[in-house]
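2 protein chains.
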Amino acid sequence: MIDVALLGCGGSMPMVNRYLSSTLIQYNGRKCLIDCGEGTQVAMRHLGWGFKSIDLICLTHLHGDHIFGLPGLLSTIGNCGREDSLTMIGPTGLVSLFQDLKVLLPYLPYEIIYYEAPKIYEVNDMEIKTLPLHHSLPCLGYSFKIKRKPMFDTKKAESYLIPKKWWNELQKGKTITDNGTVYTPDMVLGKDRNGLKISIITDTRPIETIPPFIQNSDILICEGTYGDDADLEKAMKNKHMTFREAAQLAKVGEVAEMILTHFSPSLSEPDLYLKNALEEFSETIIGTDLMVKTMKFKKK
Amino acid sequence: MIDVALLGCGGSMPMVNRYLSSTLIQYNGRKCLIDCGEGTQVAMRHLGWGFKSIDLICLTHLHGDHIFGLPGLLSTIGNCGREDSLTMIGPTGLVSLFQDLKVLLPYLPYEIIYYEAPKIYEVNDMEIKTLPLHHSLPCLGYSFKIKRKPMFDTKKAESYLIPKKWWNELQKGKTITDNGTVYTPDMVLGKDRNGLKISIITDTRPIETIPPFIQNSDILICEGTYGDDADLEKAMKNKHMTFREAAQLAKVGEVAEMILTHFSPSLSEPDLYLKNALEEFSETIIGTDLMVKTMKFKKK
Numbered sequence: 001m002i003d004v005a006l007l008g009c010g011g012s013m014p015m016v017n018r019y020l021s022s023t024l025i026q027y028n029g030r031k032c033l034i035d036c037g038e039g040t041q042v043a044m045r046h047l048g049w050g051f052k053s054i055d056l057i058c059l060t061h062l063h064g065d066h067i068f069g070l071p072g073l074l075s076t077i078g079n080c081g082r083e084d085s086l087t088m089i090g091p092t093g094l095v096s097l098f099q100d101l102k103v104l105l106p107y108l109p110y111e112i113i114y115y116e117a118p119k120i121y122e123v124n125d126m127e128i129k130t131l132p133l134h135h136s137l138p139c140l141g142y143s144f145k146i147k148r149k150p151m152f153d154t155k156k157a158e159s160y161l162i163p164k165k166w167w168n169e170l171q172k173g174k175t176i177t178d179n180g181t182v183y184t185p186d187m188v189l190g191k192d193r194n195g196l197k198i199s200i201i202t203d204t205r206p207i208e209t210i211p212p213f214i215q216n217s218d219i220l221i222c223e224g225t226y227g228d229d230a231d232l233e234k235a236m237k238n239k240h241m242t243f244r245e246a247a248q249l250a251k252v253g254e255v256a257e258m259i260l261t262h263f264s265p266s267l268s269e270p271d272l273y274l275k276n277a278l279e280e281f282s283e284t285i286i287g288t289d290l291m292v293k294t295m296k297f298k299k300k
Numbered sequence: 301m302i303d304v305a306l307l308g309c310g311g312s313m314p315m316v317n318r319y320l321s322s323t324l325i326q327y328n329g330r331k332c333l334i335d336c337g338e339g340t341q342v343a344m345r346h347l348g349w350g351f352k353s354i355d356l357i358c359l360t361h362l363h364g365d366h367i368f369g370l371p372g373l374l375s376t377i378g379n380c381g382r383e384d385s386l387t388m389i390g391p392t393g394l395v396s397l398f399q400d401l402k403v404l405l406p407y408l409p410y411e412i413i414y415y416e417a418p419k420i421y422e423v424n425d426m427e428i429k430t431l432p433l434h435h436s437l438p439c440l441g442y443s444f445k446i447k448r449k450p451m452f453d454t455k456k457a458e459s460y461l462i463p464k465k466w467w468n469e470l471q472k473g474k475t476i477t478d479n480g481t482v483y484t485p486d487m488v489l490g491k492d493r494n495g496l497k498i499s500i501i502t503d504t505r506p507i508e509t510i511p512p513f514i515q516n517s518d519i520l521i522c523e524g525t526y527g528d529d530a531d532l533e534k535a536m537k538n539k540h541m542t543f544r545e546a547a548q549l550a551k552v553g554e555v556a557e558m559i560l561t562h563f564s565p566s567l568s569e570p571d572l573y574l575k576n577a578l579e580e581f582s583e584t585i586i587g588t589d590l591m592v593k594t595m596k597f598k599k600k
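Residue numbers (our numbering), protein chains in the order written: chain A, 1 to 300; chain B, 301 to 600.
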């Protein structure tokens with residue numbers, strides 16, 4: 001079971017009723033945070049999932065509304081007793097930025113390991129991919145693929161005459177050598193099963209590399225800075241998207257569901273413009289602060 | 301008329317129901333902000349007094365809970381259209397910190413002028429003084445004295461035979477030369493009148509230089525990180541104060557009223573410990589987020 005929480009749905013500035021857009025993925029008790037504007041730690045307190053088990057922070061880009069909450073959050077993670085290292089992924093410029101910011105965080109009790117714009121990063125059962133987006137400075141889209149372990153295949157295990165005492169460890173992925181015979185996990189495991197895919201696309205203009213990148217996502221969390229079609233020019237100038245443009249990407253990318261987020265402070269009622277997205281892609285919903293989606297693996 | 305708003309009353313970390321301690325003074329439509337932890341700009345949006353007219357930011361010290369909101373607030377002030385320079389006062393280390401932080405704020409549309417630990421700073425009708433406190437790093441207490449202009453003294457003006465046409469300008473403080481005769485403002489103005497004094501003391505252990513510094517304040521906003529007397533050892537270790545210690549300073553300093561603030565995250569109900577302060581100083585109140593005090597000059 002995977003929980004995905006939208007910590008906030010605003011762009012540019014934190015507002016009284018809207019935190020800055022940030023997403024928290026919880027899987028097997030571990031957490032991955034995507035973006036961290038000012039106030040993200042307060043939104044996390046509202047959510048109540050804790051701070052210590054954030055293993056990974058992914059930054060889309062280095063604009064203030066996506067990073068100004070980092071000094072406070074990193075301090076709070078330390079105050080919560082984290083000592084294990086934490087991984088941070090972000091665009092080119094990440095390492096240099098944090099060298100400058102060290103002055104704000106002289107006493108963190110854990111190490112931060114940085115990866116600048118890796119195409120792919122694997123951790124536990126999650127495969128993370130990045131895609132360069134088209135914004136006013138280097139920006140990354142992310143996809144998170146949570147793999148699903150194959151079922152244990154008793155018949156297969158028996159057909160290889162594997163002693164029962166090794167079944168458990170083989171299922172866990174270990175290779176066993178027993179009296180010169182080598183048993184591998186594939187000898188006890190069934191077919192690959194569908195995992196789950198979450199994609200996060202913000203901030204960007206629509207570009208043709210996005211649909212193949214988000215292809216078949218179970219959830220696409222996508223920026224829709226402007227709701228009104230009439231704001232297209234503004235969207236083009238500020239390197240953002242309208243709801244309609246985001247929905248067109250979702251449609252071509254054949255995602256199961258799209259959640260719009262990163263609304264402009266001027267967009268006080270995003271619901272009023274949902275129809276613009278629905279005309280392009282019917283499985284669109286408007287993100288709201290602290291919205292939580294619980295995702296389950298499909299039966300097959 | 302002067303408005304003083306407590307934007308938040310928390311120390312250490314912003315909480316769901318308590319912003320970090322920060323104070324906003326509004327006088328003649330201009331604003332002065334003291335400290336700026338993460339989320340201060342959200343508290344300011346709740347208050348609704350605007351951002352553009354903040355002329356002065358005073359920092360007590362450079363711990364995260366007093367400064368992590370600055371990058372976001374300074375950006376927002378810029379987004380609100382400020383072009384006039386802004387003054388920032390803080391302890392030793394301020395200039396060096398902001399040189400490192402420039403990377404976060406590459407496009408501010410206004411200049412920031414820094415003053416490190418000035419003993420005194422005057423702006424318009426306000427006299428600001430600082431006092432070195434005793435915390436775990438350089439820290440300043442502040443007093444803000446808002447001067448009150450003397451009354452116009454008609455009899456005095458007449459006794460100097462000053463032509464009526466100059467009365468208005470002399471009252472405003474201008475010196476006039478008329479046919480070789482020099483008229484000065486003191487020739488039309490009455491006695492000095494009592495102004496108002498606001499003192500802010502956070503974060504610190506109690507030290508003997510505090511009472512003379514806060515002497516006769518109309519309002520003292522003072523840290524009381526711990527409410528329980530039993531937390532004295534913790535207060536000593538972390539260089540903070542208990543309610544009782546703060547109240548003892550207020551009493552010796554003969555202030556009119558003390559508002560306690562900067563409560564530890566562990567102190568969920570400060571009201572429970574108010575009696576510890578009242579035993580020392582009866583004019584103590586517990587600060588709450590967005591509390592506003594409107595101060596008027598006394599009649600004399």
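Since the hints were made in silico from the structure, they are not lab data.
Do not take every clue at face value.
[To be verified] Just the calculated beta-carbon pair ranges, DEER-fashion:
| # | chain 1 | residue 1 | chain 2 | residue 2 | range |
| --- | --- | --- | --- | --- | --- |
| 1 | B | Leu532 | A | Gly173 | 52 to 58 Å |
| 2 | B | Lys456 | A | Ser266 | 43 to 49 Å |
| 3 | B | Thr484 | A | Ser266 | 38 to 44 Å |
| 4 | A | Asp3 | B | Phe597 | 52 to 58 Å |
| 5 | A | Asn124 | B | Ser566 | 52 to 58 Å |
[What the hints assert, rightly or not] In silico DSS-like links for lysine-lysine, alpha-carbon gap of 25 Å or less:
| # | chain 1 | residue 1 | chain 2 | residue 2 |
| --- | --- | --- | --- | --- |
| 6 | A | Lys102 | A | Lys52 |
| 7 | B | Lys599 | B | Lys537 |
| 8 | B | Lys465 | B | Lys445 |
| 9 | A | Lys172 | A | Lys251 |
| 10 | B | Lys449 | A | Lys102 |
| 11 | B | Lys445 | B | Lys599 |
| 12 | B | Lys575 | B | Lys456 |
| 13 | A | Lys102 | B | Lys596 |
| 14 | B | Lys491 | B | Lys402 |
| 15 | B | Lys402 | B | Lys445 |
| 16 | A | Lys296 | A | Lys251 |
| 17 | B | Lys402 | A | Lys239 |
| 18 | B | Lys352 | A | Lys234 |
| 19 | B | Lys445 | B | Lys352 |
| 20 | B | Lys534 | A | Lys52 |
The beta carbon of each residue, even a glycine, is placed where N, CA and C say it ideally should be.
Exercise. Sort out whether Lys599/B lies within 25 Å of Lys445/B, counting only the CA atoms.
Key: The given pair, whose Cα atoms are some 17 Å apart, holds under the 25 Å limit.
Quiz item: Holds or violated: Lys172/A with Lys251/A, Cα cutoff 25 Å?
Solution: violated, 38 Å
Exercise. Take a quick look at whether Lys402/B and Lys239/A sit within 25 Å of each other, Cα to Cα.
Key: holds, 24 Å
Self-check item: Given pair status - Lys352/B, Lys445/B, alpha carbons within 25 Å
Solution: The given pair, whose Cα atoms are some 23 Å apart, holds under the 25 Å limit.
Quiz item: Are the Cα positions of Lys449/B and Lys102/A separated by 25 Å at most?
Solution: violated, 47 Å
Practice problem: Compare the distance between the alpha carbons of Lys534/B and Lys52/A with 25 Å, and conclude whether the hinted pair is satisfied. | Solution: holds, 24 Å
Quiz item: How does the Cβ-Cβ distance of Asp3/A and Phe597/B compare with 52 to 58 Å: does it lie in that range?
Solution: holds, 57 Å
Quiz item: How does the Cβ-Cβ distance of Thr484/B and Ser266/A compare with 38 to 44 Å: does it lie in that range?
Solution: Because 53 Å falls outside the window, the suggested range is violated.
Quiz item: Could one say that the CB atoms of Lys456/B and Ser266/A fall in the range 43 to 49 Å?
Solution: violated, 56 Å
Quiz item: Keeping to a limit of 25 Å between CA atoms, is the pair of Lys352/B and Lys234/A held or broken?
Solution: With a Cα-Cα distance of about 24 Å, the restraint between Lys352/B and Lys234/A holds, given a limit of 25 Å.
Practice problem: Below or equal to 25 Å on CA atoms is what counts here, so check Lys102/A against Lys52/A. | Solution: holds, 20 Å
Quiz item: Is the Cα-Cα distance between Lys599/B and Lys537/B 25 Å or less?
Solution: It is violated: about 45 Å lies between the C-alpha atoms, which goes past 25 Å.
In summary, the numbered hints that this structure violates are 2, 3, 5, 7, 8, 9, 10, 12, 13, 14 and 15.
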